[in-house]
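Each chain, written out:
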Amino acid sequence: MDQKMDFNAPHSMGTTIIGVTYNGGVVLGADSRTSTGVYVANRASDKITKLTDNVYVCRSGSAADSQVVSDYVTYFLHQHTIQLGQPATVKVAANLVRLLSYNNKNLLETGLIVGGWDKYEGGQIFGVPLGGTIVQQPFAIGGSGSSYLYGFFDQAWKEGMTKDEAEDLVKKAVSLAIARDGASGGVVRTVIINSDGVTRNFYPGDQLPLWHEELEPHNSLLDILGAPEPMNI
Amino acid sequence: MASNSDSVSDTQRTLYPYVTGTSVVALKYKDGILMAADMGGSYGSTLRYKSIDRLRPIGKHSLLGASGEISDFQEILRYLDELILYDNMWDDGNSLGPKEVHNYLTRVMYNRRNKFNPLWNALVLGGVKNGQKYLGMVNMIGINFEDNHVATGLGNHLTRPILRDEWHENLTFEEGVKLLEKCMRVLLYRDRSAVNKIQISKITEEGATLFPPYSLKTYWEFAAFKNPTVGAEGSW
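Quick note, the sequences are listed as chains H and D, same order.
Mapping of the first sequence onto my numbering: position 211 corresponds to residue 211, and the numbering continues sequentially without gaps.
Heads up, my numbering is the position in the second sequence plus 1000, with the first residue counted as 1.
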């Protein structure tokens, strides 16, 4: 009755990914679980990848597909930046992602969220789901864990948040998704991009809120039991 | 970087859609064409996107409404952008009318169908040029026709009967809008991919107008709705 572990199953990032705009920039967030079938191949992956100094992408779906798309886009954007003589815009980065996703839609299985800041339009988030549709949104969610977040964002999202409010929202949301989605887990990583630059943050489980039916973690039962019983002779 | 013209053509076979738009409904009225669609982009059964623009003006004389795969619709818009640009560059005082744009789209859709790599859309193309009103439809297998009123998807089954009954020549703008709203309301009740945020646009000799998105009121105050089993206790 033991579940056969298929170590050769394709690496897939079950994943929860989020991108949120706020008054002055964007906050990107993701979990850190990469699974091969039921086995967690990497429990601390970094799914938020740099495309340029000012544009990052959150990756979900097939790990290989999302990595190769990111690599190509980074390569093209690098050349584009040299030719342009100034930082690439978020829209250009997102459209390059779209081009690859759309023209290879038969081969790829990856949903991406492109987010960044440029001097023309400020902070922007673009969703590029399966199929290669491109859609600019004030916030975007993706990956298997996002199913559990539609209702949450419908209620909790508001326009014009501050940087801290936005990061708190992202942290809370990824953590809620991890609580219910078996394919998401590990730590919460966030990346904040604005005119001042880029800030990476790392939140392990003990720094995240506890949800329904979750308990405070302890090192051992022995700590809970308190002082050991004195010996009886 | 692989692209459509590559020799990976063997992998370019019939696909399946991912992010889809639902029905588009359109009719001819006194001054031109009225078209309506909701702003939803469904991802399977999830109503994932609720602000997708599915009605777009094309050149000076046409309006395009699309249902089906949104990424393919976005690609079609790029093709049409290029078509209109080249037309403008002739700078000869002539401009592509709705009949010509519809024909172009039909050729593109049918050609892709023959290569077993369709653009997964059903398109509505309406417009006015030199006083002549035109309203046509073309879908992913290349079926195309023109009529006084057209609809895509579920709209074909739910709204065309209403239009066949209530459409007549020379509808005023107000009558046309009311009729379209009646159609969109039925779709809202009975199409599970419908989203309550609709856009209506019109095109006349003067040009295209896209009205701001709005939501429709729905009616639930039927006695039978409040007490469905009052006449038959124990049933469901």
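Keep in mind that a hint or two might mislead.
To be verified - Computed list of lysine-lysine pairs in DSS-like fashion (alpha-carbon distance at most 25 Å, straight line):
#: 1; chain 1: H; residue 1: K91; chain 2: D; residue 2: K1050
#: 2; chain 1: D; residue 1: K1099; chain 2: D; residue 2: K1050
#: 3; chain 1: D; residue 1: K1197; chain 2: D; residue 2: K1182
#: 4; chain 1: D; residue 1: K1030; chain 2: D; residue 2: K1115
#: 5; chain 1: D; residue 1: K1178; chain 2: D; residue 2: K1133
#: 6; chain 1: H; residue 1: K172; chain 2: H; residue 2: K50
#: 7; chain 1: D; residue 1: K1115; chain 2: H; residue 2: K105
#: 8; chain 1: D; residue 1: K1178; chain 2: D; residue 2: K1217
#: 9; chain 1: D; residue 1: K1050; chain 2: H; residue 2: K158
#: 10; chain 1: D; residue 1: K1050; chain 2: D; residue 2: K1197
#: 11; chain 1: D; residue 1: K1099; chain 2: H; residue 2: K105
#: 12; chain 1: D; residue 1: K1030; chain 2: D; residue 2: K1226
#: 13; chain 1: D; residue 1: K1182; chain 2: H; residue 2: K172
#: 14; chain 1: D; residue 1: K1197; chain 2: H; residue 2: K158
#: 15; chain 1: H; residue 1: K119; chain 2: H; residue 2: K105
#: 16; chain 1: D; residue 1: K1030; chain 2: D; residue 2: K1182
#: 17; chain 1: D; residue 1: K1197; chain 2: D; residue 2: K1099
#: 18; chain 1: H; residue 1: K105; chain 2: H; residue 2: K172
I should point out that these hints are in silico values taken from the structure, not numbers from a laboratory.
No experiment lies behind these values; they were computed from the predicted model shown.
Checked hints:
| no. | hint | result |
| --- | --- | --- |
| 1 | H:K91 x D:K1050 | holds (21 Å) |
| 2 | D:K1099 x D:K1050 | violated (31 Å) |
| 3 | D:K1197 x D:K1182 | holds (14 Å) |
| 4 | D:K1030 x D:K1115 | violated (40 Å) |
| 5 | D:K1178 x D:K1133 | holds (20 Å) |
| 6 | H:K172 x H:K50 | holds (23 Å) |
| 7 | D:K1115 x H:K105 | holds (16 Å) |
| 8 | D:K1178 x D:K1217 | holds (13 Å) |
| 9 | D:K1050 x H:K158 | holds (16 Å) |
| 10 | D:K1050 x D:K1197 | holds (7 Å) |
| 11 | D:K1099 x H:K105 | violated (31 Å) |
| 12 | D:K1030 x D:K1226 | violated (41 Å) |
| 13 | D:K1182 x H:K172 | violated (42 Å) |
| 14 | D:K1197 x H:K158 | holds (19 Å) |
| 15 | H:K119 x H:K105 | violated (32 Å) |
| 16 | D:K1030 x D:K1182 | holds (19 Å) |
| 17 | D:K1197 x D:K1099 | violated (30 Å) |
| 18 | H:K105 x H:K172 | violated (32 Å) |
When the structure is compared with the earlier hints, violations turn up for hints 2, 4, 11, 12, 13, 15, 17, 18 and for no others.
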